[in-house]
Amino acid sequence: MRPVQSYAIAVVASVALHVVVVGALLANWQPDTARIMVQPQFIEAKLVELAPKAKPKPPAPQKPKVDVAKKQNDEKKRLEKLAADKKAQEKKRLQQEQLKKAEQAKKEKQRLEDQRKAEEKKRQEKAAAERERIEAEFAKALEKERSEVTAKNDERVANSYRQLIQQRLSENWSRPPSARLGMETLIRIRLVPTGRIVGVTVLKSSGDIAFDRSVEQAALKVEQFVEIQGMDPGLFERKFRQVDVAFSPEDLRL
Amino acid sequence: MIEENLSIWSLIVNASLLVKLVMAILFIASMMSWVMIIQRGLVLSAAQRNFREFEDTFWSGVDLNSLYNELTQKAKQEGGGDGIENVFRAGFREFNRLAQVNGSDPDAVMQGTDRAMRVALSREDEKLNTSLPFLASVASVSPYIGLFGTVWGIMNSFRGLAMVQQATLATVAPGISEALIATAMGLFAAIPAVIAYNRYAAVTESLNSNYETFSEEFSSILHRQVHTN
Chain L
64 MRPVQSYAIA VVASVALHVV VVGALLANWQ PDTARIMVQP QFIEAKLVEL APKAKPKPPA
124 PQKPKVDVAK KQNDEKKRLE KLAADKKAQE KKRLQQEQLK KAEQAKKEKQ RLEDQRKAEE
184 KKRQEKAAAE RERIEAEFAK ALEKERSEVT AKNDERVANS YRQLIQQRLS ENWSRPPSAR
244 LGMETLIRIR LVPTGRIVGV TVLKSSGDIA FDRSVEQAAL KVEQFVEIQG MDPGLFERKF
304 RQVDVAFSPE DLRL
Chain P
2 MIEENLSIWS LIVNASLLVK LVMAILFIAS MMSWVMIIQR GLVLSAAQRN FREFEDTFWS
62 GVDLNSLYNE LTQKAKQEGG GDGIENVFRA GFREFNRLAQ VNGSDPDAVM QGTDRAMRVA
122 LSREDEKLNT SLPFLASVAS VSPYIGLFGT VWGIMNSFRG LAMVQQATLA TVAPGISEAL
182 IATAMGLFAA IPAVIAYNRY AAVTESLNSN YETFSEEFSS ILHRQVHTN
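Protein chains in written order, with the working numbering: chain L, 64 to 317; chain P, 2 to 230.
These are calculated hints, taken from the structure and not from any lab test.
A hint or two may mislead.
Reference excerpt, derived from the structure (chain L facing chain P, CB under 8 Å, subset only) [claimed, not checked]: (1) 80; (2) 82; (3) 86; (4) 142; (5) 257; (6) 261.
A few chain L residues that don't get close to chain P, going by computed Cβ distances all over 12 Å [claimed, not checked]: (7) 66; (8) 72; (9) 85; (10) 139; (11) 150; (12) 164; (13) 186; (14) 189; (15) 198; (16) 222; (17) 295.
From the three backbone atoms N, C-alpha and C, an ideal C-beta is built for every residue, glycine too.
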């Protein structure tokens, strides 16, 4: 067996094997429960049209046979017959005319009816489209309003939590002798969802190390904001992972 | 309308780049290992058949000179020659050359012949063993590569989970399912490679020992010849 030949066979067989395996996987492994479809919750209305069946045309009236072969036989008879024929013809013609008229009237009526139906249908379709549009707009507006309300609500809740944090911090703060009015320290508190403080860093120093330390100590002393446990996790992720607090002793008179 | 498609293909397509890369590597490894498996299978079975045929002709009492000429002719046509025939030809050629020298020491002739056959044997051994190391490494490494892809995918899916407020099984399941494909592919590549490696290693071993036995027997025949002359 020549090496080149054996390699060629091997490559072809290997590729074929993989194609078969991949094909089998792609073809058969579509699980039944894979598609989760949520059907819209409304009933689709459909216009059902009852098209009247076209009436079969009345059979064409047979023309009376006019016998002229026996003309020489009997003139009188002929004349009589002619008169009778004429009468009959006249009658027939009248009848035919009447029939025709009736048919025409019927056709006209049908046409009008059809037109009316088509118009009705068009009108209904238009109304449906309009209604859909209005509904969509309404839904959009509702959605927008809802999100605005949510954002507002969030802000309100967040503010109340902020106040709480502020309060706790000032409760736990012990004033160092070097604290002066107008000093401000910005600290960043890192929280976990249980409300426990996992880190305090001074972002902006007040210039007085003792004051900075006292603020830091206040945060560490609080240890845990128990109330935060009840907070909506989404809100927590957005706003309370890290809380920046500016601390300034405004109540002091010094 | 929410539509979640969980077919294998969509899972592969939606996987992260690294996981895709892992899958691609595994797919290629599987391809190549199958090429090696089939090619080796063909070569080894041909070698086994060849050995049986050669032994039959050799022990049928054919004239060694004519056998040698015939085999040389065949080797020229095919460019190279196969397994046991090469060992025989190398030994016989060396023996003839040394024996033609006048007054040569029989022991020296035998030593030269044995050496030539040993060289041919080790060449054949090398030929039989080609690409077995590749199979061995695919067998041992591809499960790890697949596992890496899976771990990475699960890591990502859990990281995404941390941001979700309500974690249901449905939020984790697709990610994990997607990640597990990598392991499946790793195993798919590894299992045939392991089986093939073990089998071919055994076949190679037995062929080698067959070659060695033959070379010893041949050597003893030549030994008898050189000492009776």
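Status of the hints after comparison with the structure:
Evaluation of the residue 80 of chain L hint against chain P yields a held restraint, the C-beta minimum of about 6 Å falling below 8 Å. Hint on residue 82 of chain L is violated. Least Cβ distance to chain P is approximately 10 Å, over the 8 Å limit. A hinted interface residue such as residue 86 of chain L counts as satisfied when its beta carbon comes closer than 8 Å to some beta carbon of chain P; here the least separation is about 11 Å, so the hint is violated. Checking residue 142 of chain L against chain P by beta carbon gives a least distance of about 88 Å; that is not within 8 Å, so the hint is violated.
A hinted interface residue such as residue 257 of chain L counts as satisfied when its beta carbon comes closer than 8 Å to some beta carbon of chain P; here the least separation is about 15 Å, so the hint is violated. Interface restraint check for residue 261 of chain L: the shortest CB-CB distance to chain P comes to about 16 Å, outside 8 Å, so the restraint is violated. The claim that residue 66 of chain L is not at the interface with chain P is violated, since a C-beta of that chain comes within 12 Å of its own (minimum 8 Å). Distance to chain P contradicts residue 72 of chain L as a non-interface residue, since its nearest Cβ pair spans about 6 Å, not more than 12 Å.
Not every CB of chain P is more than 12 Å from the CB of residue 85 of chain L (nearest about 9 Å), against its label as outside the interface. The Cβ of residue 139 of chain L lies farther than 12 Å from every Cβ of chain P, with a closest approach of about 92 Å, so its non-interface assignment holds. Non-interface status of residue 150 of chain L relative to chain P is upheld: no Cβ of that chain comes within 12 Å, the nearest being about 77 Å off. Once the 12 Å rule is applied to beta carbons, residue 164 of chain L is consistent with being away from chain P; the minimum gap is 58 Å.
Its beta-carbon lying about 30 Å from the closest one in chain P, residue 186 of chain L satisfies the requirement of being farther than 12 Å from that chain. Residue-level check passed: residue 189 of chain L sits 26 Å from the nearest beta carbon of chain P, beyond 12 Å. Residue 198 of chain L, annotated as away from the interface, keeps every beta carbon of chain P farther than 12 Å; the closest lies near 17 Å. With a minimum CB-CB distance of about 21 Å to chain P, residue 222 of chain L clears the 12 Å threshold, and the non-interface call stands.
The beta carbon of residue 295 of chain L is not kept farther than 12 Å from every beta carbon of chain P, the shortest such distance being approximately 8 Å.
Hint violations for this structure: numbers 2, 3, 4, 5, 6, 7, 8, 9 and 17, all remaining hints satisfied.
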